[in-house]
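> Residue numbering for the sequence shown follows the working numbering, starting at 114 and increasing by one per position.
It is possible that part of the hints are untrue.
[Unchecked claim] Quick list of the computed label-pair ranges, beta carbon to beta carbon: (1) 221 to 564: 26 to 36 Å; (2) 511 to 544: 46 to 56 Å; (3) 648 to 437: 47 to 57 Å.
In short, the hints are calculated from the structure, not lab data. Think of the CB as a built atom: it goes at the ideal place given N, C-alpha and C, for glycine as much as any other residue.
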Amino acid sequence: MFNHDVLVIGAGLAGMRAALAAQQEGVDVAVISKVHPVRSHSNAAQGGINAALTERGDPWEDHAFDTVKGSDYLGDQDAIEVMCREAGREVISMEHMGVIFSRDDAGLLGTRAFGGQRQARTFFVADFTGQALLHVLYEQVVKANIRIYEEWFVLSLIVEDEECCGAVVMEMLSGDVHVIRSKSVIIAAGGLGRVFEPSTNALICTGDGMGLAYRVGAPLMDMEMVQYHPTTLKSNGALMSEGARGEGAYLINAKGERFMENYAPNMMELASRDVVSRSEQTEINEGRGDNGCVFLDCRHLGEKIINEKLLQIRDLGRDFANVDMATDPVPIRPGMHYQMGGIKTDIDGRTNVPGLYAAGETACVSVHGGNRLGANSLLDTLVFGRRSGEHAANLSKAISYKSIGDSAANPEKSILQEMLDREGGIESFGQIRLDMGIIMNDKLAVFRNHDGLEQAISKLLELRERYSRVVVSDKSKTFNTNLIFTLELGFMLDCAETIALGALERKESRGAHYRTDMPDRDDQNWLKHIVLSKGQDGPDIEYQPVKITQWQPEARTY
114 MFNHDVLVIG AGLAGMRAAL AAQQEGVDVA VISKVHPVRS HSNAAQGGIN
164 AALTERGDPW EDHAFDTVKG SDYLGDQDAI EVMCREAGRE VISMEHMGVI
214 FSRDDAGLLG TRAFGGQRQA RTFFVADFTG QALLHVLYEQ VVKANIRIYE
264 EWFVLSLIVE DEECCGAVVM EMLSGDVHVI RSKSVIIAAG GLGRVFEPST
314 NALICTGDGM GLAYRVGAPL MDMEMVQYHP TTLKSNGALM SEGARGEGAY
364 LINAKGERFM ENYAPNMMEL ASRDVVSRSE QTEINEGRGD NGCVFLDCRH
414 LGEKIINEKL LQIRDLGRDF ANVDMATDPV PIRPGMHYQM GGIKTDIDGR
464 TNVPGLYAAG ETACVSVHGG NRLGANSLLD TLVFGRRSGE HAANLSKAIS
514 YKSIGDSAAN PEKSILQEML DREGGIESFG QIRLDMGIIM NDKLAVFRNH
564 DGLEQAISKL LELRERYSRV VVSDKSKTFN TNLIFTLELG FMLDCAETIA
614 LGALERKESR GAHYRTDMPD RDDQNWLKHI VLSKGQDGPD IEYQPVKITQ
664 WQPEARTY
């Protein structure tokens with residue numbers, strides 16, 4: 114058994130920022146990750162990180178309003194105020210740690226415009242901002258001598274006397290199961306993108322953190338709010354950064370028309386992501402696309418700008434679509450990108466389970482509401498990662514370890530053995546995972562309706578029954594990826610069910626949740642969060658009011 118004051122699950126930006134903040138409070142911290150930290154999905158964030166700097170004539174209140182409006186007024190405004198007020202501090206802190214942000218001609222930190230914002234306040238490192246931030250934070254974690262359990266998989270959380278006090282984990286190298294006892298746990302395990310196929314997300318984004326919390330009684334909130342990014346490669350769903358449109362790229366249909374003037378005449382290509390994605394899908398559905406896609410047109414930017422600021426996505430276009438954006442439009446379509454919902458927390462990362470915290474995409478402090486503004490995700494990870502780390506550390510100073518031992522791992526050992534002992538079946542995790550991803554992308558994408566949602570829920574029930582019969586063909590212990598993928602699938606099915614049920618429950622259109630059978634926003638009945646808790650026969654549904662401080666809901670146009 115291992116002991117640490119604070120255990121952080123996940124080694125992306127939220128997890129490492131939480132770990133660093135907790136360690137700076139003087140407690141013993143450990144990070145556990147199923148991949149090497151710099152292979153975390155934060156690595157894939159391209160476009161930038163938002164911050165309003167008052168000294169540049171951009172008050173944080175303006176950033177907060179743009180975020181509230183972008184959320185379609187579902188975001189909790191107290192949390193949004195915290196994030197936007199503390200944004201500048203986090204960006205400057207990361208620069209001081211060593212992030213080499215792109216600069217303008219005057220030598221100041223450069224900014225680019227991003228969707229749904231009236232001011233260019235997105236700081237960036239070319240088109241690999243997440244990678245730059247992640248590597249610098251990893252350096253700081255190593256410098257701080259924080260213990261990292263690298264390539265370990267978390268099987269379950271340990272709750273004693275209704276308090277979270279550790280986790281049951283598996284070392285992937287040996288297959289051995291261990292107990293890590295802690296005084297507090299921070300889940301920063303990222304999103305659930307691979308519940309959908311295709312997705313811009315890495316294959317590791319399987320909703321583990323949300324599933325772990327959900328299974329011990331922490332509710333999930335706003336799960337129906339799934340963001341489809343407007344610009345993903347038609348061929349494989351790879352992300353083509355919003356930074357391209359921030360630099361001035363156009364969106365055109367098969368006729369070469371800049372169609373966004375018909376949908377968002379003021380903001381054009383830089384309207385909020387949900388608006389742009391719906392506009393693109395409408396063009397495709399109404400026959401003005403080209404075999405299921407529209408085009409990202411960067412030709413007028415010139416090769417110099419593309420090579421300086423958009424080189425990674427230029428390479429993606431050449432490698433996976435055989436198109437050079439310097440000379441030809443790139444075929445793109447809306448693709449699943451981000452989960453706005455997640456583990457319900459307060460502004461300090463606390464869940465309703467004492468000792469359990471969450472931060473980053475796995476959490477829902479509700480700064481994104483119905484639609485996340487581009488470049489607010491990296492900000493979310495840093496601000497609420499830090500706040501969670503500080504609060505968890507101070508809690509850990511005030512309490513003692515629970516009296517648990519290695520026997521706490523016995524239930525998980527039995528489950529694993531039962532899975533490995535199954536013989537003779539034909540069900541594999543891969544086919545179930547693919548079937549799930551296809552039905553989710555088909556019925557819960559840019560447009561939704563009642564019949565499609567009912568079909569998805571019925572299919573998910575069938576898939577869960579099939580999952581109970583999955584055979585793990587690899588019976589070995591060393592790096593048994595067959596077993597790991599099967600365990601991940603269980604978490605994914607939990608997440609998929611909450612997304613579909615939340616979408617069926619929300620009888621309106623708001624943000625990324627657009628129902629063709631109920632196309633209007635209904636503030637009178639649905640200006641509220643949908644909160645789902647694990648029940649005996651599936652999720653139990655409750656509601657929570659949206660926290661409004663200074664911005665009353667109004668018509669949302671761009």
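> For each hint, tell me whether it holds in the structure or not.
Against the structure, the hints come out as follows:
1. 221 to 564: 26 to 36 Å: Given about 53 Å between the Cβ atoms, the range is violated.
2. 511 to 544: 46 to 56 Å: Taking Cβ atoms as reference, residue 511 and residue 544 lie about 49 Å apart, which means the hint holds.
3. 648 to 437: 47 to 57 Å: holds, 53 Å
The structure fails hint 1 only (numbered hints given earlier).
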